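Participant: What follows is the residue order along each chain.
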Amino acid sequence: MRSRGVLLPHFKGTQDTETVTLPLPKKVTIPMSMGMGAPCEPLVKKGDTVTVGQKIGDTDKFMSAPVHSSVSGTVTAVDDHLLSNGRLCKAVVIETDGEQTVCPDIKPPEVSDKASFCKAVRESGCVGLGGAGFPTHVKLNYNEDKRHVDCLVINAAECEPYITSDCRTMTEEPDSAVDGIRQVMKYLNIENAYVGIEDNKPEAIRIMTEKTSGDSNIHIVKLRSSYPQGAEKVMAFNTTGRVIAEGELPSDQGIIVMNISTAAFISHYLKTGMPLVERRLTVDGDVVKKPLNVKAPIGTPVSELLRFAEADIDSAKKILMGGPMMGICIYDPDTPMIKVNNAILAFSEKAVKAQAQTNCIRCGRCISVCPLKLMPCRFEKAFDAKDKDTLRRLRVNLCMNCGACSFVCPAKRRLAEKNQLAKELIRT
Amino acid sequence: MAYFDLENKGKLTVSPSPHINSTASTQKIMLHVLIAMLPALCFSVWIFGIRALLLTAWCAATAVGWERLCNYLRKRPSTIGDLSAAVTGVLLAFNLPSTFPFWMAAIGTFVSIAVVKQLFGGLGQNFANPAIVGRIVLMLSFTAQMTHWVKPFERGADAVTSATPLVSKSADYYDLFIGKVGGCLGEVSALALLIGFVYLLCVKVITPHTTVAFVGTVFLFSLAAGEDPVFQILAGGVMLGAVFMATDYVTTPTTPLGKIIFGVGCGIITCVIRFYANYAEGVSFSILIMNILTPYIDRFTEIKPLGAKYPEKKKEGDA
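Chains as they are written, first to last, in my numbering: chain A, 1 to 428; chain B, 1001 to 1319.
Just so you know, the hints here were simulated from the structure itself, not pulled from any lab data.
Careful, some of the hints might be misleading.
In silico PhoX-like cross-links for lysine-lysine, where the CA-CA straight-line distance does not exceed 20 angstroms [unchecked claim]: (1) B:K1304 with A:K373; (2) B:K1204 with A:K412; (3) A:K107 with A:K61.
Note that the coordinates shown come from a computational prediction; the quantities given were computed from them, not determined experimentally.
Using the sequences provided together with the hints, build the complete structure.
Facilitator: Here is the structure:
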């Protein structure tokens, strides 16, 4: 049985355009928290000179990844930064000197076994590049006594509209992507890898199949282009048939799920030792005149990316980090892009105008599209009645906010939003 | 310190995801239902004459009028644009004989829209199908007019009356299937209703569960009870009820299993009333009873979420 989902318009107009490199921005702002886990402490102060790849933030907490400078230049401030989740963290503001001097300490890491591999991945500052930003070394450092991990699931679904950065990774750097998969399998003793790719990327599927033709244990799985095919649990289920149950990590089911761009980065890092200081991302949306994929240093202001793509920032009403289904709105175009941003999308008022809500007609569309088989219309009524027992019984806590229910609702009810409020309600 | 200055950044909208919506809307769904009812209406006009069309239009118009009046009295924005009142009006007309007086039909739409729907809070809040309750109220209040059937193709005020096939128990399958029999406006032609059913399936407004379960149960029950099963599913209101009334979103279960239970329940109650009770027809009562049971069906057909873990039930005595 395949998981359900919803068919979205794709808008993947940048799928066949070569990635370009962004001209060096004058200033970057690098937040000390760019993914899940503990924020880092800044290691530099105002006036310091930094080089590309130099570590500028770290912490002794396990659930975190260090932060590196993406440019060479001078630290002009270490300031408070408002994160999208409403919390504050420190951010290092660096004025670039245009030299891009590489940090002298950069050299390929020495890796011989699982422990040294995990340590190297941690030092690379790697977090999941698909959007959630789970520190990769934590994912790799699973408890081997609990269950042997035998499946590496590579998430290359890229199910959100507009975004094509993973697709470009596969078409432009297939060797890195495949090598990354091999390295992870080698050091973690994983028998099989499944690369899940949606069928709207035939070129990527062709190239990846060709590049892995010699590896009998790397399987390319062609998936239906239905949203949210790239959600961790859905991806794991549709490639391996295993259900990651409530409260479980993928490793409890013998699976590690990793994004294809993350795998490509790991390969790149093992060869060069250059930490995660730049990434590929899609810049698109209806006010963007020249939609493209761009490689940009972490910390580049979003406005700079938009200007490079010839976007009309003044007519933008919504600017998103990520796709239109799960992306986060930013309130300031000068917000820096971070490690987890696979896309920056800018939309005019016309494209994202909120539609008026009408009464729920109990059509059940939200139930039929939920990838986790939840019942969003029931959650909404239970939440409005503050009925915690029903919310718990119907497992609102499993909702991952994919937004499929809100998308299909003919009454335009904001179901996904209510689900998040309901999750918060039952926590107390 | 003011790196972030919320005061001066009021230009961009910040809202929770998702940021796009499908093009589906309540209005479009209701429009599909209206289109699906067109074949039955056309057949009805062919069989009973222009008065069938006038009565249907009158019911739709009064239903919309009552809806607008209720909106006005409740000081709510107009909801006639969602077309749900028009659907209810047409459905009620389908449940009336073509000779039914207009003023009585207006009472029927008042009961449907004002009492059953708006008093409970409008679209989505009513516990029973408005058209069904409207029909039942008219049936109990104006029994003579509600059972004044006209022979097919007989026009005029002095039209010859005939019993419906369910009462006379005589009609051949072909006439029943095409609809050349006496009966309510919209219920006579199984063929026209099935065209509407296929249309609704194609545009994905309904799933086949309820309809198939309903008709299938009537068929099997009739077979078991020694009645003619083909006659039972073609005669009377089974097709109309199974295609357009038992598939109403608001008053029926939301899960596939719930829909099947609903359909089976409707089928059983219909047959019990037809075969063993005083009324010749039981479709409307069966749907009303199942409407009332819907919250319970919903409660017991909740879907198990993917990967949900339930604590093991404590055995009695473990305290």
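Participant: Hint by hint, which ones does this structure get wrong, listed from lowest number up?
Facilitator: Number 3 - this is the single hint that the structure violates.
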